[in-house]
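Protein chains: 2
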Amino acid sequence: MRKRKPLSVALNGPEALFSKMQETGQKIMKLFDIPAYIIGDTCWGSCDLNTHAADMLGADLLFNIGHTISMETIDKKVIMINAYDDVNFDIVVEKYAKDRANQKYKILGIITDSQHLNQLQPSRKILENHGFKTVIGDGKGQLNDGQVFGCEFYPAYDIQKRVDAYIFLGQSMFHSVSIAMSTEKPTFMLDPYFNEFQQVNDKARVMEKKTILSIYKAQEATKIGIIIGLKEGQFSKIKALKFKKSLEVLGKDIQLIALTEITEERLRNFKGIDAYIQVACPRIAIDNHFTKPVLSVPQAEALIKVLKKEPMDDFLKLRHWL
Amino acid sequence: MRKRKPLSVALNGPEALFSKMQETGQKIMKLFDIPAYIIGDTCWGSCDLNTHAADMLGADLLFNIGHTISMETIDKKVIMINAYDDVNFDIVVEKYAKDRANQKYKILGIITDSQHLNQLQPSRKILENHGFKTVIGDGKGQLNDGQVFGCEFYPAYDIQKRVDAYIFLGQSMFHSVSIAMSTEKPTFMLDPYFNEFQQVNDKARVMEKKTILSIYKAQEATKIGIIIGLKEGQFSKIKALKFKKSLEVLGKDIQLIALTEITEERLRNFKGIDAYIQVACPRIAIDNHFTKPVLSVPQAEALIKVLKKEPMDDFLKLRHWL
Chain A
1 MRKRKPLSVA LNGPEALFSK MQETGQKIMK LFDIPAYIIG DTCWGSCDLN THAADMLGAD
61 LLFNIGHTIS METIDKKVIM INAYDDVNFD IVVEKYAKDR ANQKYKILGI ITDSQHLNQL
121 QPSRKILENH GFKTVIGDGK GQLNDGQVFG CEFYPAYDIQ KRVDAYIFLG QSMFHSVSIA
181 MSTEKPTFML DPYFNEFQQV NDKARVMEKK TILSIYKAQE ATKIGIIIGL KEGQFSKIKA
241 LKFKKSLEVL GKDIQLIALT EITEERLRNF KGIDAYIQVA CPRIAIDNHF TKPVLSVPQA
301 EALIKVLKKE PMDDFLKLRH WL
Chain B
1 MRKRKPLSVA LNGPEALFSK MQETGQKIMK LFDIPAYIIG DTCWGSCDLN THAADMLGAD
61 LLFNIGHTIS METIDKKVIM INAYDDVNFD IVVEKYAKDR ANQKYKILGI ITDSQHLNQL
121 QPSRKILENH GFKTVIGDGK GQLNDGQVFG CEFYPAYDIQ KRVDAYIFLG QSMFHSVSIA
181 MSTEKPTFML DPYFNEFQQV NDKARVMEKK TILSIYKAQE ATKIGIIIGL KEGQFSKIKA
241 LKFKKSLEVL GKDIQLIALT EITEERLRNF KGIDAYIQVA CPRIAIDNHF TKPVLSVPQA
301 EALIKVLKKE PMDDFLKLRH WL
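Protein chains in written order, with our numbering: chain A, 1 to 322; chain B, 1 to 322.
Hints were generated in silico from the structure; no laboratory data involved.
Owing to the predicted nature of the structure, the values given are computational and were not obtained by experimental measurement.
Only true hints are included.
Each pair may be met inside one copy or between any two copies, as identical chains are not told apart.
BS3-like mimics (lysine-lysine), calculated; alpha carbons at most 27 Å apart, straight line:
| hint | residue 1 | residue 2 |
| --- | --- | --- |
| 1 | K237 | K76 |
| 2 | K271 | K237 |
| 3 | K5 | K245 |
| 4 | K292 | K27 |
| 5 | K5 | K244 |
| 6 | K237 | K77 |
| 7 | K242 | K5 |
| 8 | K237 | K5 |
| 9 | K242 | K20 |
| 10 | K217 | K292 |
| 11 | K271 | K27 |
| 12 | K77 | K244 |
| 13 | K5 | K239 |
Okay, chain A solo, but in the shape it has when bound:
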């Protein structure tokens, strides 16, 4: 800030960090005597930066806090601020390593999400001290080494032939289940808050069945709504129009919908639609509960195969779900 001398700044990040953002905003206002706006809208990740809000506010810099990615800035104006959780994994990693049943997996891929990236090396050391071999997959795109997003898994997917199992560091069922679904390898989630670990492959299978069920339900749909997400990094109009074309050829009646927050509540405003495809974020369709089938991009691709009487294949065994 001393170098760039902004006349005003904006801050955003996940809700868990709002109180830290408030403190930081107040410090900036006092120290530099400029307005610091906290953007209170949702911010799901580096795909959801709220730069339009920062532009409206005329903020010269937008600090995005807590979504560590491989880049430090995006488009000059956005500055990514790392925020690591201060929890460590020593106890739970020790516990995992000492578990007899798990000792059959000799080579472990270690994976985490952004807020625990600083725990990769200490955890690796503990595992190696116990005689395990470890692999940390290379980063790619926005991902750092050993990091996964809810939608992209390169550092996990790309090492699957080299490992016996995955260790996910963090209390995120979604991230760990996604690794299990995209690789089908034994995957363990190590929770540093409760100091407990669990294998998540059964949960992954349940979730996979749910995603398959949605596809079969959507097969019967006459009217399908294709939802384009309006969050900047989730915007995918071309994919939406491609799905529209393919599905119209297959006899479906398509409506196009644009939405910022894709929730059951917003979808309830639409009438007569039998199923939805959303091209925004795969987490929405896989994590949330909807009364109508809501398919993510890989599910929609599987739907098209099913409608063409082709096998749907391993539609989730991908390096990313976009």
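Got chain A sorted already, so can you dock chain B onto it with the hints?
Below, chain B without anything else, positioned relative to chain A:
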């Protein structure tokens, strides 16, 4: 559309009209063979057009449906489509006119909201047939003759010295209570669905007390969050910064927040704030329930007066609440 030949269009409007928008979108897609996107985000009025969404989608035209204003287009791209409710007021206006107690009000100001504008003249005729005199106030800015918004009341406010009472045509407690609050004249809401009418001044007084209570509660606040609404027609950064300055001089600790949807749920993410001022839309602070005081612009101005030990005056007796 035949003249402008758009390559794609977007449609938005209030949730009650979504099914009509869906039908229209499908007709456009069939007739012109271009994409028609339904914007599914909230759309509270002509202050909330979602042109950013239309821009992201690359839509050449944005049809805003159901928010009749005095203009037919905004910025060339936005086309306002009138949508009138097909209900008529004959029965309820007759009922009002025949009510003995109400016959003491001889000169009536007739007011309505956008979807019943076509009912002004027929209702006026019935009242005049019963011997009343009627006044329909002139439109101004975006308002047509006899129309009010939730935040602007020129055609009601400006005729107050010429009328004994107001007749509001429609089932909207908010609009009718707003007229009563801004003028303090006898105000009647005529509901064409239940064919019942009621005087709303008691309700207006209850609501006014609630708005005053919030101001007194906010007086005790140490930390005040000033919320700038991110909806395009509600964006008011300058006013927010002005309030910040005035309140800091008065010893308050101010935080700046930017939000698209100002809801209790979003505000719950912020910690340690004792009261809020929102400069977006007065309806938010007056209509909705919040656990902390949330003040609209006229309430915030009253708060500043109270803090300066000045009388707060009739802070809602205004032509608009912005």
